[in-house]
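Visitor: Each chain, letter by letter, is given below.
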Amino acid sequence: MAELKLKNIRVIRQRFELNIPSLSAHSGKILGVMGKSGCGKSTLLQVIAGFEKNMEGEIFLDEKEMTYIPAENRKMALVFQRPALFSQLTVLENVCFGLKIQHLPKNEQIARSLFWLKRLGLEHLKDFLPHQISGGEAQRVALARSVVVNFPVLLLDEPFSALDSQSRGESRKAVRDVVSEMGLIGVLVSHDLDDIKSVADDYCLMESGRIVKFETVKY
Amino acid sequence: MNPVIVSLFVFFVPVVVFLYAPILYLSLRALDSFSPETLSLVPWNVIAFTYLQASVSAILSLVLGLLIALFVSENSFWGKRAISIFCEIVFFIPSILVVLSLLGTWGVQGWLGRTFGIVNFLGWNGILTGHVFLNFSLVYSNLLQALKELDRTEEKVALSLGASRWQVFREITLVKLKSAILQSLLLCFFYCSSSFIIVLMLGGAPRFSSLETAIYQAVKIDLDISLAILLAAIQLVVCLFLQFLRKPKREILMSSQGMERQTLFDLRSQRVRILATLIVWVVILGLVFLPLTHLIISGFSGVFKLDWWEFSSVLIRSIVLSFVVGCVATFLSLCGSYCVQHLNNSFLKQAVYFTTSLPIALSTMVTGLAIIVTFAKTDWFRNQMFGVVCIQALSILPLGFRILNEQFTKIELEIYQTAQSLGATQWQQLTCIEFPLLRRAISLVLVTGVGISLGESSSLLLFESQGRSTITLLLFKMMGKYRFEEAFTVGLILLILTASIFWIREKWLNLN
Amino acid sequence: MKFLTAFLFCLSAVAEPLTVYTYDALTGKDSLGDLLQTEFKKKTGTDLKLIPFGSLGEALNQIVIEGESTKADFLLGVDNGFARRAIESGLFSPIAGKFFKKVDKDINLGSEKVFLPFDYSYLAFLFNNTSLKDKSLLNGGMTLAAFMTSPRIQKKIVIPDPRTSSLGYLFFRWTTEIASGIALKELWGTFLANLFTVSPDWSGAYGMFMKGETDWVLSYTTSRAYHLEKEKKTHYDYILFDDGHVIQIEGLAQVKFSRKTKLNEAFIELIVSDKIQESIPTMQWMYPIRKSVSLPASFSSLSIPKVREIKTDLTEVQRKKLLRDWSGWGRGRP
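Chains as they are written, first to last, in this note's numbering: chain R, 1 to 219; chain E, 1001 to 1512; chain P, 2001 to 2334.
Isolated chain R, as found in the complex (with noise of 0.2 Å):
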């Protein structure tokens, strides 16, 4: 079983302090982060990500030291609030740019996607532009992209948030599936109690850069 482990992460921040000594997320069980806007959970994020320069403290997957290793070579998939698709390329390219990346042939790519885009119900908008679909559809699409480079880590920062109702149940039975079925370590960021309810194993709650209180996710 792979785990994330967080080791006294320190960021100096002018609004707060982020001060974790110990967190840690296990693969096919999503970890929820929840906390009022500006309390330091999405630079926790950064961190994990690799995108947080200034910090202190170290980070472990799978026992193996990821602290000074760059953003691009992590392994660990972010999706963000806004789904961020690139919008020169259509559903499909987008979804299959991480395949592109690690030179795999064509038809693989195209292959690997194309599952992935049936697997969240948006085969039929695979020709489609980003500003061609609805916001549930691209932030599906974006969770699409994330997955299909098997990353071991997936990383999500607000994803629900700009979502009406329905977009936003179809998309975190999606997450939790690929999750649990992928045996991926997830790690959920969000200010909604909901959010975090309906897709976390666990979940801790931040205020002013510290844990204050962590929990089981009940069903």
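Honestly, I wouldn't trust all of these hints.
To be verified - Here are the computed lysine to aspartate or glutamate pairs in the EDC-like style, where the Cα-Cα straight-line distance is at most 20 Å: (1) P:Lys2029 x E:Glu1310; (2) P:Lys2321 x E:Glu1037; (3) P:Lys2029 x E:Glu1074; (4) R:Lys53 x E:Asp1307; (5) P:Lys2311 x P:Glu2265; (6) P:Lys2306 x P:Asp2106; (7) E:Lys1148 x R:Glu52.
Calculated directly from the structure, the hints in this document are not laboratory data.
Starting from the known structure of chain R, fit chains E and P onto it as the hints suggest.
Guide: Below, chains E and P alone, put in the same frame as chain R:
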């Protein structure tokens, strides 16, 4: 009488008389000038050189400005603030001072010219260096702003999917910056193709002449007005086309989530970062810092050679002229922006917008020639400063209008409605509400206009006659006669004046 | 009433200064222009107003633009290169023949006798004997064409622009006497590639030369006299061409719209007077047009070159076309 009608009249009458009518008349005369005889006299090689050097200059300025903007935005390094300041101050340096500083540093007898054994700085070297000096900072400022405003979400996603930083930069960042890059490139191309002083003084004619210098030559030396009109028509068509291409279409997204901006393309290797820092410093030192330092130090050497009595009358004349230009430009800008704020007719509003952006597309020689051919026989024209005030005020109008229009739009509708409900007439609203709110912006436009006018030289060269001189003309003459010691002193005074004006302007902008 | 009006008109005409358009080197402190103003005031009690322009071309253009309402009474500094252009403009009336009696027969600005000469000198290439490294060009037997095409110049030469400077134009006309058509184009093509630069006027070119930026400059034989007399320097010299040197003759042109008859005559007389002619060598650093005027010792030591006449006449249209072609001759060369 309704202040809106008055403003409309006051704005459009001078603009129609001194801008639209002359340009239209010039265009009609150009159609008349289209004869085989006149066409045979057109220096097509000069036209080709104009756009060739503009292309090379624009590309070099773009590459330099983009690289420095990227390096500054993504890395922390020693002297970062100083580099930013040097890149920004170039903006307000008049072209003639650029020529003086570069000749003093890189000319055959210059500090660096002698050190590196430069045989001849004039020609391609001089023109490209002068253009890059002036334009790289424009690119730098535009692209730095665009980079600061860039939403980096897509880039982060791409990196998290394993793309290398070079792939992300090439396929995502550059694509997002495409619009800003293209705008900067077109603007540089426009400035370089309509550049006058740089080509005139650093070209080492006749090998390297441009359309602007050819028009100047035709008007001032040959008095071949037909040829001048034809050349001006060619320049006008190209400039209008460039302006059409340059229509702002920026799609930069605001940075998200209020988070501190993160760097994604910083140089990770310390050695590479040190080397890059050194390279940036060497470029800025050679291009900006050393020439300006030389100007300042050499400015003291000619103090005892300068005829201070003659110079003081020239200085007073320059300041008075600049003040008049600043007032005219401010007044026109105010009328234009007032019209836009209060007009209901969308056609008239569009006409004002179009009018205030038209001068950007017109080079000094084109506008100057249009005014000459239209007004040459009138009494107004005998006063040489008439043409200069027209051209300079019109060139400041787009900037002045933008500043005032922005401030007008910040006045909330509720304020007007409250004033109306209390019985205030439109004139009372203008004097008691709008003027006090716009006072700082009006002063800003005036100060900017004065600063730009003080350093402008092209229109003065075109209209100058009968020995009445201004500070830039005096500088031009001194340099032409190789009286460089006195020229550096005059140049230093001009630099102090324009720097002070723009320092005041920056203070006010920050207070705003 | 009519008499009173005429009297007042004459009075106003006399009170108004005499206005002369000229190039700026002729004005300023301790210049010939300064002396002319002093002497004219002494002679007539009326002010002489000198309006400086960047070049003669600009001064002439100003008169063209102003037309009948021009304030100019004279154009001072018209030379033999510029004369055709001035005549074709139709703006000048011939100066009375009696004034030409004081001018030596060899010196004339055209057979029409429109312009009155007041000084002259020989065009020559000056060099600084101290800084010139390659002196092989000074070994004698040199012609203008050989000099212009010599690689030994090594881009260390500057000339005034023929389009803006009358000296530069005269030099250009000199070259049209030694070559024409393709040969002229080839000659200039080589020379332009070998030039340091062209300067808008003589003073800019000379300033560059004096600062050491170039080894050679187009100037006059009498420039050597200036350095001998004023600076006691003997190392500024000029190269002599076996095929002769062109002369520049400067003169005075009277604007046809001017009605100040008496003042005009007084000014013309002053130009050819002893006082002014004796000052020409040490103020203008040119030869006076009267051989009877004694010259300073520095002038006596100058070698007088063989004279090369400009025989062919160019109309204004031909001049413009040739100069336009000229500006393209240097292009494409390294």
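Visitor: Work down the list of hints and note, for each, if the structure agrees.
Guide: We went through each hint and held it up to the structure:
Among the hinted pairs, lysine 2029 (chain P) with glutamate 1310 (chain E) is consistent with the structure: their alpha-carbon atoms are about 12 Å apart, no more than 20 Å. Taking the CA atoms of lysine 2321 (chain P) and glutamate 1037 (chain E), the gap is about 11 Å. The hint holds against a cut of 20 Å. As the CA atoms of lysine 2029 (chain P) and glutamate 1074 (chain E) are separated by approximately 59 Å, the hinted pair breaks the 20 Å bound. A distance of roughly 60 Å separates the Cα atoms of lysine 53 (chain R) and aspartate 1307 (chain E); the hinted pair therefore is violated under the 20 Å criterion.
For the proposed pair lysine 2311 (chain P) and glutamate 2265 (chain P), the alpha carbon gap of about 31 Å is over 20 Å, so the pair is violated. At roughly 14 Å between alpha-carbon atoms, lysine 2306 (chain P) and aspartate 2106 (chain P) fall within 20 Å of each other, so this suggested pair holds. With a CA separation close to 17 Å, the supplied pair lysine 1148 (chain E) and glutamate 52 (chain R) stays within the 20 Å bound.
The structure fails hints 3, 4 and 5 (numbered hints given earlier, in ascending order).
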